[in-house]
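Participant: Residues per chain are reported as follows:
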Amino acid sequence: MTIQSVGQSVPRVDALGKVKGEALYSGDLSMPGMLYMKILFAERAFARVKSIDTSKAEAAPGVAAVYTAKDIPVNEYGLQIPDQPVLCGPGAAKPYTDLVRFVGDQVAVVVAETEAQAAAAVKLIEVEYEDLPPLLDPIEAMKPGAPLLHPDRGSDNICVHYRIRKGDIDEGFKKADVIVESEYRTPVQEHAYLQPEAGLTYIDEEGRIAVVCAGQWTHADRDSIAHALGLPNEQVRVIYPAIGGAFGGREDLSVQIVLALATMKLRKPVKIVWSRRESIIGHGKRHAVILKARWGASKDGKLVATESEVIGDGGAYMYTSNKVLGNSTITHTGPYFVPNIKADIYGVYTNNVPGAAFRGFGAPQALYMAELQMDKLAEKLGMDPVEFRLKNALQQGDTMSVGTPAPNPVSITEVIQAARDKADWANRGSKVVAGTPLVHGRGFAAGFKNVGFSFGYQENCWAKVEIYGNGQIERAVLHHAGAEVGQGTHTVMVQMAAHVLGISPDLVEIRTSDSAKQGNSGSVSASRMTFMAGNAIKGAAEAALEKWNAEERPAIAEFKYLAPPTTHMDHDTGYSMPNFQYAYSAQVVDVEVDTETGHVRVTRVVAADDVGKAINPDLVVGQIEGAVVQAHGYAITEEYKTDKNGKVISDQFSTYLLPTILDIPEQVDSVIVEIPDPNGPWGARGLGELPYLPYAAAVAAAVHDATGVWIHEFPFTPERVLRALGKI
Amino acid sequence: MNLWQEYKRPTSVAEAVQDLASAAGPALPIAGGTDLMLDLRQGNHPPVHTLIDLTFIPEMSALELRGDELYVGAAVPVNQVALDPMVGTHAQALTEAANLIAGPQVRNTATLGGNVAHALPAADGTIALTALDAVAEVASALSGVEQSRSAGVETRRMPFTSLFLGPGKSAIDKTREIIVGFYLPTAGPHQASCFKRIMRPQGVALPILNCAVWLERDGDLVKDIHIAVGPGGSTPFRATEAESFLRGQPFHDETFARALDCLLDQAKFRTSARRASADYRRHIVGGLLRDVFDTAWKRAE
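So the protein sequences, as listed, match chains A and B.
Residue 158 in our numbering sits at position 160 of the first sequence; the count goes up by one each step and never skips.
Residue 144 in our numbering sits at position 143 of the second sequence; the count goes up by one each step and never skips.
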């Protein structure tokens, strides 16, 4: 009898180690003879480094070395384009690497025998800056003639521009009976990992530079580190220890290159652990976005034309802005059919902290605009907002903004209905609470997003399975580089391998996240790992099982899964088949607004998400609840504040307010929808980002329902709500 | 680099002040350490030579009735204050404030004396003690004479609001003085108090605004009242103008409105870039005060 693991809520393979405190995170690691590193951050938004004097720091007690830009073999890195200096300062071969472009730019590093010695020596480094007026407003920064952040990258600060031209916008608006025009602003969000950036580097037994540091894609980290150090990729080895959250933010590097440089030069282990402040100022955040929309619909409730402009603040460096805003482009009309579309989507360099990948990857911002536009159109038409959405929901074969239909089964209608029905949408309680300043409201929003990498990248993922035993399978070993960032992917991987082999998941050992030992798995991002790893593991396990059945002992097989091909967007129209899969989400949010204080309390969330197949239902619910809490911070409590010079003033958790258990929604009802994708392993789509997508828009709709006021910018802090109500 | 060289555990107030006076370098008292340790670790306070732990001094950890006063030692952990039934009976505003300071772990360690010594104008414990008209007992070493470790302590009683000079600036000289404890009047008939606050997010951050009221009723008349609001100025704010107006007045919507006007005229609300604007504080203080007042009023029936 074979054991069916897929679809079962098996316990997490990493639970016991984490609960007992045995799991080792980057900051927990130590080696004999280890040195400590501290980084000198620029702490200014825009400046030229004229000179750096490290002599006093070098002479300080315990100091082994001080490095500046001149010590970096190839002083550049970046996941999409290498536009970021490893260290900012004079003396590097590449031009313009003496420019500091945000407060968290790194200027020098000190390596010393103790952390305190390194910290003391950092203060002895003398840097002469020529301060430049910082460009903090993307609208100013994109104007012709604005000072250039990257003079080697074109004649303006626009780092990316996508166009959608579909149908005939003028003809479309002629058919519009109602038009809604609005401008929205969405805020920066801090990833706020449980574990700040930290790492340990050493020379391994084969002479490679080993970098033990949390990330999301071992092989991409390895290649970037090797590039900056001027080494062949094989001379660098990236290993992931336990990872305390990533959410997209760990796709871009932070401490890895400088640590590896120090180990390369000193031939000794070197460790660094960032403080919370360093993590808040020193590494990318969710893009702040300005969105302008003019949308029209006909009396019978059909969208006829949309015109939109989206400006994303890319901050100092590209990071993944080109892909993030590409994704905003695809999602900016929501999961709806629109015959005529004009849109321009820009990413702009500014002297703010870089915009980075963050759960949802450009979709939450675009959907905030799309969903509020839908609500306002429905209001103007006198239609129920859910009915209006259903009337316009993408159907199989409908072309999206990019001019082609979604490839896999389009399930937005079923997902909207699932959320509506679970919440009993039409049947809500009384709005006012007699004798109190409290008012209740209910809001709806939907969303969708690609699963997997887009725009012509040939998606691939590697796995290897080994089967041991004689008559029957005694154990199996699964090799896979995919990162466990807390979401439970290793458990799901083990389940899928066990399912193919028909054995208990207890018999599957997983070996993972070492670039020297496994093939490329791609990044744990774009909600792709269940889909991609699942197909790779299924392929490897089936091949190994075939060998097992042919009496091979042990039976070992590798498999590299290639996803269906995609295409990049046409420069002028955006026409493309950019993704091989999408997944769909919808939420109903109930709020209670205190009209005296402006506090918004979320009393209930119904979250429906089409995961195709829930490989592990408990983990699906965990992802939904986690995403809702993270989106709640985005929508209501968190506020990343900078001053007029671009310095971050919310640089601690005492001022950057994450939701606590007392703030989060009182009830989250997860509705797991399973409409299989024929290409997915057992039909699975993806999940990680989905439940995040509609939340802020659903809260805005609920606040409007309660108060009658649309609030175009969030977070919905008490003060912003009261101002919107005209009370202050 | 050590954050301190010596750590002392005196068992009497006299020993503690002598340890402070005779330390070989910069010395500071420490109790819960929930603020001080962060400051030292994060480099916001320079390293000290000697830390003097006040939590082994019985007088400073006492919480008891003394005659017609309730005594709360300055080193009593906030959570103990929150749970103590005598505090609940005589100083309910302090119970309510203590319950809202930080999270449970911090409350188990942080002390009421530390909350006050930090001299923030909106610390929850401080605002409650302000309305309760507490008196602080402060000890210092007798100066000028060579003292043995067990003698030579001078104690004095200070009105609570005189402990504060400005935001983060205490009138207590931490290098030679120690707050030993607080004396609160016990509650008589028709006397009651209440503390509430408005904050975001719930539970861990500093309040946007907090408020404590102590009052005595004479039927429908306000016989006596203390109102404290934080932050309503650079030090813990007593709304003395509103108090004067309300004394002897019947309590209803109109008198409340006039009292609120007095408060708004007297208070100096400011905009804090990280927390809230002055406009917002001015707008919400009325609702908060009314809520606190109503609760205290009912309790004093």
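Since the hints were derived computationally from the structure, they do not count as laboratory data.
One or more hints might be untrue.
Unchecked claim - Here are the simulated distance ranges between beta carbons:
#1 B:A279 with A:S428: 31 to 39 Å
#2 A:K558 with B:T272: 40 to 48 Å
#3 A:D129 with B:D174: 50 to 58 Å
#4 A:E385 with B:A279: 38 to 46 Å
We put the beta carbon where it would ideally sit given N, CA and C, even for glycine.
Participant: Hint by hint, say whether it matches the structure.
Facilitator: Comparing the hints with the structure gives:
1. B:A279 with A:S428: 31 to 39 Å: Since A279 (chain B) and S428 (chain A) have Cβ atoms about 35 Å apart, the given range 31 to 39 Å holds.
2. A:K558 with B:T272: 40 to 48 Å: violated (58 Å)
3. A:D129 with B:D174: 50 to 58 Å: violated (40 Å)
4. A:E385 with B:A279: 38 to 46 Å: holds (45 Å)
Checked against the numbered hints above, the structure breaks hints 2 and 3 and satisfies the rest.
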